[in-house]
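So the protein sequences, as listed, match chains A and B.
Using the working numbering, you'd call the opening residue of the first sequence number 1 and step up by one each time.
Using the working numbering, you'd call the opening residue of the second sequence number 1 and step up by one each time.
No lab work stands behind these hints: they were computed from the structure.
Bear in mind the structure is a predicted one, so any value in this text is a computation, not a measurement.
Where hints are given, some of them may not hold.
[To be verified] What follows is a list of derived Cβ distance ranges for each label pair: (1) B/E239 - A/R210: 36 to 42 Å; (2) A/G216 - B/D357: 58 to 64 Å; (3) A/R210 - B/N353: 57 to 63 Å; (4) A/D253 - B/D19: 48 to 54 Å; (5) B/N366 - A/S83: 51 to 57 Å; (6) B/G122 - A/R57: 24 to 30 Å; (7) A/R57 - B/T369: 49 to 55 Å; (8) B/A305 - A/E233: 23 to 29 Å.
For every residue, glycine included, the Cβ atom is placed at its ideal position computed from N, Cα and C.
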Amino acid sequence: MPAWYLGCRMIEFAICGIGAWGKGFSCWGELLEGLGEGGWREDTRLQPELIPARERRRAPLFVKMAVEVMDQACSAAQADPSSLATVFATAMSDMETSDYMCRTLAESPRLVSPTRFHNSVNNAPSGYWSIATGSHAPANAACSYQYSAPMALLEAAAQVAAENRMVLLCVQDEAAPLALEHVSGAREPLALALLIAPPGACSHELARCRLDLQRGAADWPALPPALNRKLGENPSAGLLPVALAVSRSGPADLEMPLSPAMHLQLHIGPGARENR
Amino acid sequence: MHLSIIHHTATSAAGIGLDALGKSLKRRQTGLRENDFEGCDIDTWIGRVPGLDSVRLPPAQEHLDSRNNRLAWLGLQQDGLLGIVGELAGEMGAERIGVIMGTSTSSIGDVEAAYRNLAADGRMRSPDQKPEVQNLHSPGLFVAAVTGLTGPCMTISTACSSSAKVFASAARWIECGLVDAALVGGVDSLCLNTMYGFNSLELVSPEPCRPSDRDRRGISIGEAAGFALVCRPNLLPGEFPRLLGYGESSDAHHMSHPHPEGKGALDAIDQALGRAALSASDIGYVNLHGTASKANDAVENRALAARFGHHTLASSTKGWTGHTLGAAGILEAVIVLETMKTGVIPGTLNCENADPDFRFPVLQENAETPVQYALSNSFGFGGNNASLVFGLPHD
Numbered sequence: 001m002p003a004w005y006l007g008c009r010m011i012e013f014a015i016c017g018i019g020a021w022g023k024g025f026s027c028w029g030e031l032l033e034g035l036g037e038g039g040w041r042e043d044t045r046l047q048p049e050l051i052p053a054r055e056r057r058r059a060p061l062f063v064k065m066a067v068e069v070m071d072q073a074c075s076a077a078q079a080d081p082s083s084l085a086t087v088f089a090t091a092m093s094d095m096e097t098s099d100y101m102c103r104t105l106a107e108s109p110r111l112v113s114p115t116r117f118h119n120s121v122n123n124a125p126s127g128y129w130s131i132a133t134g135s136h137a138p139a140n141a142a143c144s145y146q147y148s149a150p151m152a153l154l155e156a157a158a159q160v161a162a163e164n165r166m167v168l169l170c171v172q173d174e175a176a177p178l179a180l181e182h183v184s185g186a187r188e189p190l191a192l193a194l195l196i197a198p199p200g201a202c203s204h205e206l207a208r209c210r211l212d213l214q215r216g217a218a219d220w221p222a223l224p225p226a227l228n229r230k231l232g233e234n235p236s237a238g239l240l241p242v243a244l245a246v247s248r249s250g251p252a253d254l255e256m257p258l259s260p261a262m263h264l265q266l267h268i269g270p271g272a273r274e275n276r
Numbered sequence: 001m002h003l004s005i006i007h008h009t010a011t012s013a014a015g016i017g018l019d020a021l022g023k024s025l026k027r028r029q030t031g032l033r034e035n036d037f038e039g040c041d042i043d044t045w046i047g048r049v050p051g052l053d054s055v056r057l058p059p060a061q062e063h064l065d066s067r068n069n070r071l072a073w074l075g076l077q078q079d080g081l082l083g084i085v086g087e088l089a090g091e092m093g094a095e096r097i098g099v100i101m102g103t104s105t106s107s108i109g110d111v112e113a114a115y116r117n118l119a120a121d122g123r124m125r126s127p128d129q130k131p132e133v134q135n136l137h138s139p140g141l142f143v144a145a146v147t148g149l150t151g152p153c154m155t156i157s158t159a160c161s162s163s164a165k166v167f168a169s170a171a172r173w174i175e176c177g178l179v180d181a182a183l184v185g186g187v188d189s190l191c192l193n194t195m196y197g198f199n200s201l202e203l204v205s206p207e208p209c210r211p212s213d214r215d216r217r218g219i220s221i222g223e224a225a226g227f228a229l230v231c232r233p234n235l236l237p238g239e240f241p242r243l244l245g246y247g248e249s250s251d252a253h254h255m256s257h258p259h260p261e262g263k264g265a266l267d268a269i270d271q272a273l274g275r276a277a278l279s280a281s282d283i284g285y286v287n288l289h290g291t292a293s294k295a296n297d298a299v300e301n302r303a304l305a306a307r308f309g310h311h312t313l314a315s316s317t318k319g320w321t322g323h324t325l326g327a328a329g330i331l332e333a334v335i336v337l338e339t340m341k342t343g344v345i346p347g348t349l350n351c352e353n354a355d356p357d358f359r360f361p362v363l364q365e366n367a368e369t370p371v372q373y374a375l376s377n378s379f380g381f382g383g384n385n386a387s388l389v390f391g392l393p394h395d
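Taking the hints into account, I'd like the entire structure generated from these sequences.
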């Protein structure tokens, strides 16, 4: 190994809040409840209070579910949303809006709606979030196709470590429209948010994590069978094992693939006692 | 965290590779032409890279073919970049080099074509189905595959700030030791989504774009690919230009209209200067976002007037290249790096009568003067802003 090889140092961070929304659960607690015998409800309303009613009508599902889960994760940790850097990640972006755009362009391109065009930018959720919360903080929107969820955790953790600030992470993917089913097998939408922070920076630590980058392939961590049947094909479900391990509050070690050549190693332990 | 910039290149309507770009800038030859993009009847001018239709991807990556990936491939082959990337990967290991690409529309042109040919049941026809191309990460997947780099690979898509933000993520990854170097870049290609989309917002100019001109009528959409190979300072022997600071912010104002006082723009500029430990008066040249839309240029000028003195030269180069959207950040970073190397500062092509309401005078004609420190602005829809400060090593 060359002398200048500096190697990876572990990144330590705390997870301080969780938000979730999908078909049949309107928050993280309801997702957990659905794992029991009763299962999940048939459907769930989505009305993120942060977005003014007029804007809400024009906002696509992709935007609304992101804003909703981020608000939940912030509230859980009593964090000020306007101060938080954000990382949004998705494997497939806003497929409903892409489908509309490409369909309209194929049929009558001059009829493209300007509102739906500006909603089609991949950072639309971050735009709505910053407007709704008045946040001038940095916002990133990233994609690594099927590896988007673990990559987003890596990017968010790097922001926490390099800039010593709290970061609100949101991963989300929706059900694929007919014409894009070959690109994503997701049959139901999922948005999941984690508020992560430098150790000790937040008074609501649910867990402390150590993240390391490792060479070689890894399998995805298993999901509970019912959750796997429901959301296993949704790329954003890649982050569910992290949230589940945090909720179980025992120590856990997870591996998550970043590519066929690389994976993340994540140790999850209890949050600092004085901060709980 | 500073980054050494070991190598860089760009391909746009203003030239394929650095030599052609330098000549266009020096001779003030625009790359814009009347819109001749297939399937688009909008009366406008575009920054089209010639010859993309005949570019062929290497056999091992043929399944990743799209206009966007062809442009990425054409760009990667310029200025000996691939050789230098390969050499570095051989020395430090391909897994120690990350890949971070910026794009706004990825390979969506390929999806558009498939949608014109959907089967009767509404599904995409089998021959048109290309999952690894028809997703947002297509540029990252292609660049990693064709370079053999196996470090973490991410595609950033924050509209027109995308490929400026790649530098910020690379700086953090390197600071955390996740990688020792990164190939960063951006690629965006002409497609109907952006052409008809910007047209629906009445932001597309019927003539070549005229940044900062009092009679500017909107943007000219362009396409580009650009790359920079960056690493931890002092990792390699030799003197390299550096990324000294980055700034990222949100406007919190409107999805498609900038903050009227340029609040987000100033936040980004101030952060970048702060990380570089420089003051505004140290900056010799600012490459403006300068899209030639009414609102962008006015707001950006207001922000500049609030920070910079008149000895700082500022210009927009979009009169040469058009607005290359998700590739604008890297393209203009490369222009800044070339400006610092040659001392030739591009003026603002097509700006004939500077907007009389502008308090900060933009550079109209080219100038020649050494530049030690320079700043590049990139502002995107959703109010997503990024500024970068570059510097030459001290003598």
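Consistency of the hints with the structure:
Between B/E239 and A/R210 the CB atoms are about 37 Å apart, so this pair conforms to the stated range of 36 to 42 Å. Between A/G216 and B/D357 the CB atoms are about 59 Å apart, so this pair conforms to the stated range of 58 to 64 Å. A beta carbon spacing of about 60 Å between A/R210 and B/N353 agrees with the range 57 to 63 Å that was offered as a hint. Range check, A/D253 to B/D19: about 52 Å between beta-carbon atoms, so the 48 to 54 Å window is met.
Taking 51 to 57 Å as the suggested C-beta distance range, the pair B/N366 and A/S83 does not conform, at roughly 43 Å. Restraint check, B/G122 to A/R57: a C-beta distance of roughly 26 Å satisfies the suggested window 24 to 30 Å. Under the hint 49 to 55 Å, the C-beta atoms of A/R57 and B/T369, about 53 Å apart, fit the expected range. Taken as a hint, the range 23 to 29 Å is violated for the pair B/A305 and A/E233, whose Cβ atoms sit roughly 52 Å apart.
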